[in-house]
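As you go down the protein sequences, you meet chains A and B in turn.
According to the numbering used here, the first sequence holds residues 1052 to 1162 in order.
According to the numbering used here, the second sequence holds residues 7 to 119 in order.
Don't read these hints as lab results, they were simulated from the structure.
There may be inaccurate statements among the hints.
Every beta carbon over 12 Å from chain B, so not counted as near; a handful from chain A, in silico [as the list claims (entries may be wrong)]:
#: 1; residue: 1060
#: 2; residue: 1092
#: 3; residue: 1114
#: 4; residue: 1117
#: 5; residue: 1161
Here are the simulated distance ranges between beta carbons [claimed, not checked]:
#: 6; chain 1: A; residue 1: 1067; chain 2: B; residue 2: 34; range: 40 to 46 Å
#: 7; chain 1: A; residue 1: 1056; chain 2: B; residue 2: 76; range: 35 to 41 Å
#: 8; chain 1: B; residue 1: 18; chain 2: A; residue 2: 1110; range: 36 to 42 Å
#: 9; chain 1: B; residue 1: 33; chain 2: A; residue 2: 1108; range: 19 to 25 Å
Fair warning: this is a prediction, and the values are worked out from it, not measured in the lab.
The C-beta atom is built at its ideal place from N, Cα and C for all residues, glycine as well.
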Amino acid sequence: GQSLEQPSEVTAVEGAIVQINCTYQTSGFYGLSWYQQHDGGAPTFLSYNGLDGLEETGRFSSFLSRSDSYGYLLLQELQMKDSASYFCAVRGTGGGNKLTFGTGTQLKVEL
Amino acid sequence: DGGITQSPKYLFRKEGQNVTLSCEQNLNHDAMYWYRQDPGQGLRLIYYSQIVNDFQKGDIAEGYSVSREKKESFPLTVTSAQKNPTAFYLCASSIRGQNTEAFFGQGTRLTVV
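Full structure from sequences and hints, please.
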C-alpha cells in the first residue's frame, strides 16, 4: 500500500518562499503529484514529477527524490491567495490505478 | 462545458438511513474515485473504478457501496453500517495513465442528525 506524510501546518509571510515536504512509503508508484484545496472547495492539480528532480511551473516548483522517498512543493513570492491546504499524491503501479493522497498541509500566509 | 458534478451540495440524514450521493462527469474519463475528508484531515479513498462494471475497495470502504453501470456516473451509497458518516465527500475522475490529472467535483457535505 501507500502512505504519505506531510507537516500539518506551515505559516509564512507574504512575499516569502515556503517548502512543503512529503515523505512516503509505497510499494510502487508512477510519480508524485501536488494538489491545492481552498477551504470548502475542490482540490485542483498543481504539478507532477514522474522523474527525480525539479519541475517548475511559474511560482510553484516540485521536487522528487525516489532514493530518499521524499518530495516537496516550493512556493515562491507568496501571496495571500496561496493560503490553502496542499496535498501530495501518488498513483500506484498495482492494478486499478489507485490514487492515494497525503495527510495534507495547511499553509497560512500572513502580512 | 466539461466537468464533474456532485449533488446535492449539502445533505442531512437521520441515523439508520441509507443515502446516495451522486457523481456525474462528461469528461469521457474512464477512472472515477470517491474520497472522504474530515475536518483538518487528508483525503481518504473509499472506492475507485477504472472501467464500467468494475470497481475496487479503497482504504476505508466499510459501510459504503458503489456502482458503475455507466461511464459517466459513479454513485456512492452511505449505508447505515457506516458508524460515523458525517463528513465532506469528494468525487474525482481522470483518464487512465501514469501522470494524469484528477478532476474533482465540488463535494457533498453529509451531516447525520
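Verification of the supplied hints:
1. 1060: violated (9 Å)
2. 1092: violated (7 Å)
3. 1114: holds (16 Å)
4. 1117: Residue 1117/A clear of chain B: closest Cβ-Cβ about 14 Å, beyond 12 Å.
5. 1161: Non-interface label on residue 1161/A holds, nearest chain B Cβ at 19 Å vs cutoff 12 Å.
6. 1067/A <-> 34/B: 40 to 46 Å: holds (41 Å)
7. 1056/A <-> 76/B: 35 to 41 Å: holds (37 Å)
8. 18/B <-> 1110/A: 36 to 42 Å: This hint holds: roughly 40 Å between Cβ atoms.
9. 33/B <-> 1108/A: 19 to 25 Å: Because 22 Å falls inside the window, the suggested range holds.
When each numbered hint is compared with the structure, violations occur for hints 1 and 2.
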